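> Chain order of the listed sequences is A and B. Counting from 1, position 84 in the first sequence corresponds to residue 84 in our numbering; the numbering is continuous, with no gaps. Counting from 1, position 36 in the second sequence corresponds to residue 36 in our numbering; the numbering is continuous, with no gaps.
Read the hints as simulated data drawn from the structure, not as lab findings. Just so you know, not all the hints are guaranteed correct.
Claimed, not checked - The calculated label-pair distances, taken between Cβ atoms and stated as ranges, are: (1) A/216 with B/11: 33 to 39 Å; (2) B/109 with A/206: 21 to 27 Å; (3) A/280 with B/172: 52 to 58 Å; (4) A/290 with B/218: 54 to 60 Å.
What the hints assert, rightly or not - With a Cα cut of at most 35 Å, we get these calculated DSBU-like pairs of lysine-lysine: (5) B/108 with A/289; (6) B/58 with A/111; (7) B/48 with A/207; (8) A/207 with B/105; (9) B/225 with A/207.
Stated by the list, open to error - Non-contacting residues of chain A with respect to chain B, defined by C-beta distances greater than 10 Å in every case (computed): (10) 100; (11) 109; (12) 120; (13) 129; (14) 145; (15) 161; (16) 209; (17) 242; (18) 259.
Note that the coordinates shown come from a computational prediction; the quantities given were computed from them, not determined experimentally. Beta carbons: idealized from backbone N, C-alpha and C, even for Gly.
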Amino acid sequence: MPRDMEIALKNTKVAQKEKEPRGRSFFRPWMLILPPAAFFAVFFIWPLVQILAMSFTGPQSGLTLASYAKFFSSPVYLKVIATTFRISLVVTLVCLVLGYPVAYAMTVCSKRVCCLLTIAVLIPFWTSLLVRTYAWMILLQSNGVVNNILKSLGLIRQPLPLMHNELGIYIGMIHILLPYMILSLYPVMKGINRDLILASRTLGAKKGYTFLHVFVPLSMPGVSCGSILVFVMSIGYYITPSLLGGTKDIMISQAIQVQVNKLMNWPFASAISIVLLAFTYGILYLSKKVMHVQKLW
Amino acid sequence: MGARIKLQNIDKNYKQTKVIKNVNIDIRDGEFLTILGPSGAGKTTLLKMIAGFEEPTKGHIFINGNDVSRTPIHKRNIGMLFQNYALFPHMTVYKNVEYPLSVRKMPKEERKKRITAILKRVRLSEYASRYPRELSGGQQQRVALARALVFDPIILLLDEPMAALDKQLRKQMQLEIKDIHREFGITTVSVTHDQEEALTMATDVCIMRDGRIEQVATPTEIYEKPASVFCAKFIGEANVVPCPVVSVDRDGKAKISLHGITVPAPDQTRSYSENDVVNVVIRPEKINLVDDSYGGLKFHGKIEQSVYVGDALKLRVRLGNGHHMKVKVFTTSSLSLDVGDEVTLGVPEEDIVQVKP
Chain A
1 MPRDMEIALK NTKVAQKEKE PRGRSFFRPW MLILPPAAFF AVFFIWPLVQ
51 ILAMSFTGPQ SGLTLASYAK FFSSPVYLKV IATTFRISLV VTLVCLVLGY
101 PVAYAMTVCS KRVCCLLTIA VLIPFWTSLL VRTYAWMILL QSNGVVNNIL
151 KSLGLIRQPL PLMHNELGIY IGMIHILLPY MILSLYPVMK GINRDLILAS
201 RTLGAKKGYT FLHVFVPLSM PGVSCGSILV FVMSIGYYIT PSLLGGTKDI
251 MISQAIQVQV NKLMNWPFAS AISIVLLAFT YGILYLSKKV MHVQKLW
Chain B
1 MGARIKLQNI DKNYKQTKVI KNVNIDIRDG EFLTILGPSG AGKTTLLKMI
51 AGFEEPTKGH IFINGNDVSR TPIHKRNIGM LFQNYALFPH MTVYKNVEYP
101 LSVRKMPKEE RKKRITAILK RVRLSEYASR YPRELSGGQQ QRVALARALV
151 FDPIILLLDE PMAALDKQLR KQMQLEIKDI HREFGITTVS VTHDQEEALT
201 MATDVCIMRD GRIEQVATPT EIYEKPASVF CAKFIGEANV VPCPVVSVDR
251 DGKAKISLHG ITVPAPDQTR SYSENDVVNV VIRPEKINLV DDSYGGLKFH
301 GKIEQSVYVG DALKLRVRLG NGHHMKVKVF TTSSLSLDVG DEVTLGVPEE
351 DIVQVKP
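Excised from the complex, chain A in its bound form (with noise of 0.2 Å):
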């Protein structure tokens, strides 16, 4: 009798664990991610190998790395490096140094001037990137909005080359990028904690004591964060400095628009996006070091 009822027990177990799944075993939740996969996998991925796979191409059949070769050796295309770099290193610092206080401000001040700085920071990020670039060279042209200010101030004679030069470039890309760091930075200095600010004070430190040996450091998750950002942004750069920029210091982006669109050499044009590919990968993964250092806070 027990050995009966054992055997009826096992059987209804049986039976209710092969109840559970059937009927949904098919989905899982990983499959949620299928349709945005797929999208991705023709429209992005199997583009790229395409790019990557030219990039190896030459005029004769076969792999070669002429193109590489040539990208590497060739003076003009470390210039055009150099000047990338160049350019996005003093992007990212001078929207640091104009986004810290901005950011600052926004944790420190009242609610309706935090609100009010918010929407300031907000629609310029929500504006379409080609409206805010031609709307400066309206500003910034030689008979443009500032220089005409200036001439009928009778501050200059002649214009100013304020475009068509890494100048405008600057202008441009800072006015663009500036609201990407500010978002970086605003929600990393909202949650430090006040009580800290207050226990320095408590401990006879000064406000701005404080501020370098307490409030910075604990703001410097969302400067790498937003350095990075706007960097890795940065050198990706085309309608910008394209249309603001002159034509002596190009940078990659406008590299690979002349190959493609002047000289139509896709192959090198290929590797020089493969180039840019790694670069940014690469400072995204050193920039995932950094950022492991502080998360540990």
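With chain A's structure known, arrange chain B on it following the hints.
Chain B only, in chain A's frame:
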């Protein structure tokens, strides 16, 4: 080493709301004052004003006779323990404790000497190179305490210091802070809503209600002679009985009716009129179970509820007139009481305390 603190006619308004209403307190050198009250009573605001985070709207704060009402925080030389410790997460335990000394530009050797000593005192010497997040709540609390004391402040402020600890640890920390207070002799002001904590640590307790002070006294005095019904109910358990005055004799001495039994009004220093109702407080553990031969004040009743709490039984006894009395009797092996049992409660007359409403 410590300091006298005097709060004089302090008012504090936030926009239209009056948070503190005419508060006056004198805190002696070396005293441990705990400000106790329900949330919203203004106790934390008071602490913030002593620390310098807030300025009083009206009135003055004196430390050792100097008006510090408008002195900036960093010049007050006050150590503060925050509710969530407020340890700097980007610094090691050592660096945290060193912070107030670095600010004061103290020579390196002197710093090291002090930090070593204070870390040893809070039993955290081996943790000097750890980061706060690597420590338990109690350890973080002790680091915060070390940091708040290492620079020889004249006052120590504690803002709900135990709120984030579990009960076991809380009791341990209370005793630890009590010891440290005695050892350093530092004037300490603490804020809490935990009455047990107040009674454990404080030399003096200040009970606040709606921005006003209800009573400032030693824990014993507050417990034995609460100033008001609010204080009586806030500290410990209490039977609060409203008693109508039944007769007033020629010298103004009154008799009141306590659950139908006429007794002299406990407070004979004031005068009464016929229609007065006075409130008296009887602590549950002052009430004894007696037999009918008991000569003093006694009430008959029936046990309605009995709760066993280990060392004692908490009873709710329904009296003949329908009212309840809370009674706490200490358990002995021979004690046997059940719900429904008839009991006689004896109340010593000297344990009936008259309080303001």
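> Please go over all the hints and tell whether each is borne out by the structure.
Hint by hint, here is what the structure shows:
1. In this structure the hint that residue 216 of chain A and residue 11 of chain B lie 33 to 39 Å apart at CB holds, the actual value being about 37 Å.
2. A hinted range of 21 to 27 Å holds for the C-beta pair residue 109 of chain B and residue 206 of chain A, which are about 25 Å apart.
3. Evaluation of the 52 to 58 Å hint for residue 280 of chain A and residue 172 of chain B yields a pass: the beta carbon distance comes to about 54 Å.
4. In this structure, residue 290 of chain A and residue 218 of chain B meet the distance hint of 54 to 60 Å, their C-beta atoms being roughly 57 Å apart.
5. Of the supplied pair hints, the one linking residue 108 of chain B and residue 289 of chain A holds, its CA atoms being roughly 33 Å apart against a limit of 35 Å.
6. The suggested pairing of residue 58 of chain B with residue 111 of chain A holds, with an alpha-carbon distance near 27 Å, which does not exceed 35 Å.
7. Distance hint between residue 48 of chain B and residue 207 of chain A is fulfilled; the C-alpha atoms sit about 17 Å from each other, no more than 35 Å.
8. Restraint check for residue 207 of chain A and residue 105 of chain B: the C-alpha separation of about 16 Å stays at or below 35 Å, so the hint holds.
9. With a C-alpha separation of about 46 Å, the suggested pairing of residue 225 of chain B with residue 207 of chain A is violated against the 35 Å cut-off.
10. Its beta-carbon lying about 18 Å from the closest one in chain B, residue 100 of chain A satisfies the requirement of being farther than 10 Å from that chain.
11. Against chain B, the non-interface label of residue 109 of chain A holds: every CB pair exceeds 10 Å, the least being about 18 Å.
12. At roughly 27 Å from the closest C-beta of chain B, the C-beta of residue 120 of chain A stays outside 10 Å, upholding its exclusion from the interface.
13. Every C-beta of chain B lies more than 10 Å from that of residue 129 of chain A, the closest at about 37 Å, which supports listing it as non-interface.
14. Separation of residue 145 of chain A from chain B is adequate, the least Cβ-Cβ distance of about 45 Å exceeding the 10 Å criterion.
15. Every CB of chain B is more than 10 Å from the CB of residue 161 of chain A (nearest about 45 Å), matching its label as outside the interface.
16. The non-interface label for residue 209 of chain A is inconsistent with chain B: the shortest C-beta to C-beta separation is roughly 6 Å, within 10 Å.
17. Residue placement check: residue 242 of chain A keeps its beta carbon more than 10 Å from all beta carbons of chain B (closest about 42 Å).
18. Once the 10 Å rule is applied to beta carbons, residue 259 of chain A is consistent with being away from chain B; the minimum gap is 47 Å.
Hint check: violations occur at hints 9 and 16; the rest are consistent with the structure.
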